[in-house]
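Novice: What follows is each chain in one-letter form.
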Amino acid sequence: MSAAVSRDLEFSFGSEIGYLDLVQGVSDGVSALAGFDTDSQYWIGLAVREAVTNAILHGNQEDAKKKVVLVFRICEDRLEIIVRDQGKGIEGLDIPDPLDPENLLRPGGRGIFFVRSFMDNVDFRVAPEGGHEIVMEKVRSQEKRGKDDDN
Amino acid sequence: MTIDTRTADGVTILDIHGKITIGEGSAEIRNTVRDLLQAGRKKILLNMEDVSYVDSSGIGEMVSSFTTVTNQDGQLKLLHLTKKLRELLAITKLLTVFDSYTDEAEALSSFSS
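Protein sequence lines, in the order shown, are assigned to chains P and R. Read in order, the letters of the first sequence are residues 1 to 151 in our numbering. Read in order, the letters of the second sequence are residues 152 to 264 in our numbering.
Isolated chain P, as found in the complex (with noise of 0.2 Å):
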């Protein structure tokens, strides 16, 4: 693969939660394709799902009629996942630090904080076909990357 040159793909789906499976057996599979070891494909799934998670249930309010977008691009350096949803996002949430011990005991606000941990880079922003989107990385290594040529 030219270093010019990303694999895509994108989909989009209705804001249901039974989507969940599938769309980490997606993840899986293009986290794979990509060089990541099945501990990282773990991981990666972990986050994409939590994302999508807070899409349909913050993001779009369960509205089944909204859509989420997904989509995943390897890069000749990375992973890139980007999930968007056609409401607000996290805009107006309210997350404490789960980390933080007054916070320990609560029974939410681990999703984010999943994905922060779990991916290299991740962004919050307007969309520019509008609602907002989680933009996430994984860093490719070397090794990895060698992979493509075999592809």
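No wet-lab data here; the hints were simulated from the structure. Any given hint could turn out to be false.
Claimed, not checked - List of simulated lysine-lysine pairs, DSS-like, C-alpha gap at most 27 Å: (1) R:Lys193 to R:Lys228; (2) R:Lys170 to R:Lys235; (3) R:Lys193 to R:Lys244; (4) P:Lys88 to P:Lys66; (5) P:Lys88 to P:Lys65; (6) R:Lys244 to P:Lys138; (7) R:Lys228 to R:Lys170; (8) R:Lys170 to R:Lys193; (9) R:Lys244 to R:Lys234; (10) P:Lys138 to R:Lys170; (11) P:Lys138 to R:Lys228; (12) P:Lys67 to R:Lys193; (13) P:Lys138 to P:Lys67; (14) P:Lys138 to R:Lys193; (15) R:Lys170 to R:Lys244; (16) R:Lys228 to R:Lys244; (17) R:Lys170 to R:Lys234; (18) P:Lys67 to P:Lys88; (19) R:Lys235 to P:Lys144; (20) P:Lys144 to P:Lys88; (21) R:Lys234 to P:Lys144.
Once you've looked at the hints, dock chain R against the given chain P.
Specialist: Only chain R this time, still in chain P's reference frame:
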């Protein structure tokens, strides 16, 4: 997710099977724990050996069950954490909250009378 319930040495052991995730009936643990407390069974051991996957919602469910039991002067402990679940509890600092065991007999004997 399914839960099998058994008792040993006065401790209720919940053998949890499958995924503890949003949309997979994660509230089932909370409901089972609530029913046990109402029946006066306050020593509860969650056996996680056959748990295949846990997300943040599942972690929240475990925390919620823990606080419910503790607030009623009971004890809730964990048995046979999988490697991945242990990592999740470590990064969320919850390993410092939960008592966890790798041996069932040791776990049972840890409950105070």
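Novice: Lysine 193 (chain R) and lysine 228 (chain R): Cα distance at most 27 Å?
Specialist: holds, 11 Å
Novice: Sort out whether lysine 67 (chain P) lies within 27 Å of lysine 138 (chain P), counting only the CA atoms.
Specialist: Roughly 24 Å between the alpha carbons, so the hint for lysine 138 (chain P) and lysine 67 (chain P) holds.
Novice: Does lysine 244 (chain R) pair with lysine 138 (chain P) here, judged by a C-alpha cut-off of 27 Å?
Specialist: Distance ~24 Å between lysine 244 (chain R) and lysine 138 (chain P) Cα, so the pair holds.
Novice: With the threshold set at 27 Å, check whether the alpha-carbon distance from lysine 170 (chain R) to lysine 244 (chain R) stays at or below it.
Specialist: Given that 27 Å is the threshold and the Cα spacing comes to 21 Å, the pair holds.
Novice: Please verify whether lysine 244 (chain R) and lysine 234 (chain R) have alpha carbons no more than 27 Å apart.
Specialist: holds, 15 Å
Novice: Given the hint that lysine 170 (chain R) pairs with lysine 234 (chain R), does the C-alpha gap stay at or below 27 Å?
Specialist: holds, 15 Å
Novice: Checking one constraint from the list: CA of lysine 88 (chain P) to CA of lysine 66 (chain P), max 27 Å. Satisfied?
Specialist: Measuring from Cα to Cα gives roughly 12 Å; hence the hint holds.
Novice: Is lysine 235 (chain R) within 27 Å of lysine 144 (chain P), Cα to Cα?
Specialist: OK: lysine 235 (chain R) and lysine 144 (chain P) at ~23 Å, within 27 Å.
Novice: With a cut-off of 27 Å on the C-alpha distance, tell me whether lysine 193 (chain R) and lysine 244 (chain R) pass.
Specialist: It holds: about 24 Å lies between the C-alpha atoms, which stays within 27 Å.
Novice: Would you check the hint for lysine 67 (chain P) and lysine 88 (chain P), treating anything up to 27 Å between C-alpha atoms as holding?
Specialist: Holds: lysine 67 (chain P) and lysine 88 (chain P) sit about 13 Å apart, inside 27 Å.
Novice: Given the hint that lysine 67 (chain P) pairs with lysine 193 (chain R), test it: the Cα-Cα distance must not exceed 27 Å.
Specialist: violated, 44 Å
Novice: Starting from lysine 138 (chain P), check that the Cα of lysine 193 (chain R) is at most 27 Å away, please.
Specialist: Violated. Lysine 138 (chain P) to lysine 193 (chain R) sits at ~44 Å, over the 27 Å cutoff.
The earlier numbered hints that this structure contradicts are 11, 12, 14, 20.
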